[in-house]
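Taking the hints into account, I'd like the entire structure generated from these sequences.
Chains as they are written, first to last, in the working numbering: chain A, 1 to 233; chain B, 234 to 332.
To be clear, the hints were calculated from the coordinates, so they are not data collected in a lab.
The C-beta atom is built at its ideal place from N, Cα and C for all residues, glycine as well.
Derived pair list, reagent style SDA-like, types lysine to any residue, alpha-carbon separation capped at 20 Å:
id	chain 1	residue 1	chain 2	residue 2
1	A	Lys-131	A	Asn-223
2	A	Lys-59	B	Glu-269
3	A	Lys-216	A	Ala-36
4	A	Lys-59	B	Phe-306
5	B	Lys-237	A	Ile-206
6	B	Lys-235	A	Val-139
7	A	Lys-59	B	Leu-254
8	A	Lys-204	B	Ala-242
9	A	Lys-204	B	Lys-235
10	B	Lys-237	A	Thr-224
11	A	Lys-131	B	Ala-238
12	B	Lys-237	A	Ile-228
13	B	Lys-237	A	Val-209
If we take Cβ atoms under 10 Å as the criterion, some of the chain A residues that face chain B in the derived model are:
id	residue
14	Met-4
15	Pro-43
16	Leu-44
17	Ala-50
18	Phe-53
19	Val-54
20	Leu-55
21	Lys-59
22	Leu-60
23	Pro-61
24	Cys-67
25	Ser-68
26	Val-92
27	Phe-138
28	Ala-157
29	Lys-204
Each chain is listed here by its residues.
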Amino acid sequence: MHIMEGFLPSPWWQIWFIVAIPFLVLGLYQLKKLFAEKRETIPLLAVAGAFVFVLSSLKLPSVNGSCSHPTGTGLSAILFGPFITSILALIVLLYQAIFLAHGGLTTLGANVFSMGISGPIVAYALYVAGKKASLNTFVNVFIAATVADLFTYVVTAGQLALAFPAPAAQGGLLGSFSAFLVIFALTQVPLAIIEGVIIALVFKYIIDVRPDILVKLNVLTQNTVNRIREAAS
Amino acid sequence: MKYKAEIIAGIVILAFAIIFLLTNASIQQNLAEGEEAWGGADGQAAEIIESSGYEPWISPVWEPPSGEIESLFFSLQAAIGALIIGYFFGYYRSRQAAS
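What follows is the structure, given as structure tokens:
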């Protein structure tokens, strides 16, 4: 989903910065509050951030002969919400833009929006809805993380289509959107499934070691934790 | 069952690997001389854009000078992440064992 340096013309790269900045400010504010009020959750925040680091460094081969990478933002979105996740994504994208020339500084706004904001918002919304519908927790986490990963790539395709609409004869905006969608989203389907499975697995380990933090973050209720632990023993 | 999640994850990853091996075999057969499969999706999108005549208006400040150095930074990224995950899970696990 990385839009490479220089591949968004003016005014699009400025627009995506303007769109992304309010979310990042809100994320910083929530982060400050988390540091002040729920200090015991900080190690888990580090784990969620580290998870984005690991997963977004793995370029995996997909079924159609090209490679792409998972985003890993689903875990942090479920645990800490989409706004704090946008800060974690910003850190990873900065690292990749500076050291790897992967993504870019001018396209940072657009990339933060797709990976750090739109995907995590979908993950969070799906997770909360699934929790309300009392869906099995692991199935819920899997669906939220998988769809979030896919959605990130749909957004990237949309961003590129907006900046580079095809000539009207080739279908215009929709034509270029579907062209980019084929490249990004199709490649991403199997990788999104892998990401969902891995995040569900890590979620199980978090329930194993620190269920109290999940209750404190309002991710799970005490009843759900008790039920899962009973089923596991 | 205690290890249900691990078993499901193992099966999914195994299926992924098998599908890769099968598609790779058919892709390699149809590949023309000098062509390379399994490029990045990011690069393919860039190619489409460049084929429309667009020139990137700015290039990265610094680019890894070779594929080896690029993979160094990617491995470093994964290693930093894995270190943090392992450290804190170990910390939680041992505290849980002690209490």
